[in-house]
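S.K.: Chains as they are written, first to last, in this note's numbering: chain F, 22 to 135; chain C, 22 to 135; chain L, 22 to 135; chain B, 22 to 135.
Hint data in this document are derived by calculation from the structure and do not stem from the laboratory. Computed from a prediction, not measured in an experiment: that's the story for all the values here. There may be inaccurate statements among the hints.
Pairwise CB distance ranges (calculated) [to be verified]:
#1 B:E109 - F:E134: 32 to 38 Å
#2 L:G112 - B:L79: 34 to 40 Å
#3 B:T25 - F:R114: 58 to 64 Å
#4 C:R100 - F:P51: 31 to 37 Å
Don't be surprised by glycine CBs; every beta carbon is placed ideally from N, CA and C.
4 protein chains.
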Amino acid sequence: MPSTAETACFEAGIKFGSLYHQFAGTPVSPVSADSLARAMEDAIENQPHCESVDVDILVDDLASELADSTADYAELTGRFMEVEMTVEYEGTRVRTRMEMEGDYPAMRLVSVED
Amino acid sequence: MPSTAETACFEAGIKFGSLYHQFAGTPVSPVSADSLARAMEDAIENQPHCESVDVDILVDDLASELADSTADYAELTGRFMEVEMTVEYEGTRVRTRMEMEGDYPAMRLVSVED
Amino acid sequence: MPSTAETACFEAGIKFGSLYHQFAGTPVSPVSADSLARAMEDAIENQPHCESVDVDILVDDLASELADSTADYAELTGRFMEVEMTVEYEGTRVRTRMEMEGDYPAMRLVSVED
Amino acid sequence: MPSTAETACFEAGIKFGSLYHQFAGTPVSPVSADSLARAMEDAIENQPHCESVDVDILVDDLASELADSTADYAELTGRFMEVEMTVEYEGTRVRTRMEMEGDYPAMRLVSVED
């Protein structure tokens, strides 16, 4: 039988995969970054056991990429966001974080606590 | 050669398909409906020639579906939203609208004006 | 520090959330079910530590829903699929499964083995 | 009242926006490119008035981007695909095409014929 902590970590992973693949590809610009970040947080906080989601769209990185482009907006991808999330499952609290590591958006367990 | 009006209608269709398939499946509840609607509007307004987007999430319909369900949230689908959009392309303004028609979310041209 | 087993479970959750939210909303009919299932498997097997993905689209349930509808296709959602996935992370193998439980597509840890 | 040709062009646009935003962000590698292309074609061909969809994933461009990356797969985006689509609406046939133009995936009307 999987332990409570293992299940809590599984739940935390589900939220991260959901957030990323639901919203990857969304048209985003410095002007629309804020409403997108709020919607991502509120949408994923609906999911079971999700205590809090904090999405930070990296507006400076986005603006600098658009300055070198013929496009006025980009498609949302891991390069343009940092995410922190806390899941609580039967008394175990799991903290997770996403940031770029080389060319991968790395999703990491930060801590697992009873 | 396609006419300006035909191209304007093509552009209007692109925006509708984008909005629908980017956001279909997003976890949504009465509490998160508003931030999702704002993000959908702002995201699609980034796209070329898109003058305005108005998304209305049908919170009463959503609440009544959730009342009959073991779930606390639903996945966004056409049944839970009405959308109006205006595209302007080289002087032609196209108004469009989405609402349910039987079991299809019907996307319609409302008017095409020089 | 999270344990290897906890990290393996987190990785397994990421794959499930990714699969679900990337493909939820895809137009699907009995005719296109098979190519969609193969693409879902192959896409998620690209992700790190993902050993195998098996997607079964429930064509009979889909056909029976379409028989009662004015639509010729549906949007993919949890009601129309069962998924099994195996993740292997630093020697720990995690088996997971998704099937409906009431109105939720429940994603479950089946086993965690060294 | 919008003309038949204008409605046909609107329908063609819907299919393009749907295809792009349903599948943008999907993990893709040279190995999984083919099943993804087939699933995209079959999924969008379900939509009303859609006669044919042809998706070509640019495997050489994808392989060359991955050769410069620490990642083994990419997220699907316009840079990695060319798409041709034909819509038929009440006797009007619309041919469309997507390819990159600078940094935008440009979706174009090729022809509109009675």
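S.K.: Taking the hints in turn, state whether each one holds.
M.R.: Taking the hints in turn, this is what the structure says about them:
1. Remark: the range hint 32 to 38 Å for B:E109 to F:E134 is contradicted by a beta-carbon distance near 59 Å.
2. For the hinted restraint 34 to 40 Å between L:G112 and B:L79, the CB-CB distance of approximately 37 Å keeps it satisfied.
3. The beta-carbon spacing between B:T25 and F:R114, approximately 60 Å, falls within the hinted interval of 58 to 64 Å.
4. Checked against the given bound of 31 to 37 Å, the beta carbons of C:R100 and F:P51, roughly 33 Å apart, stay inside it.
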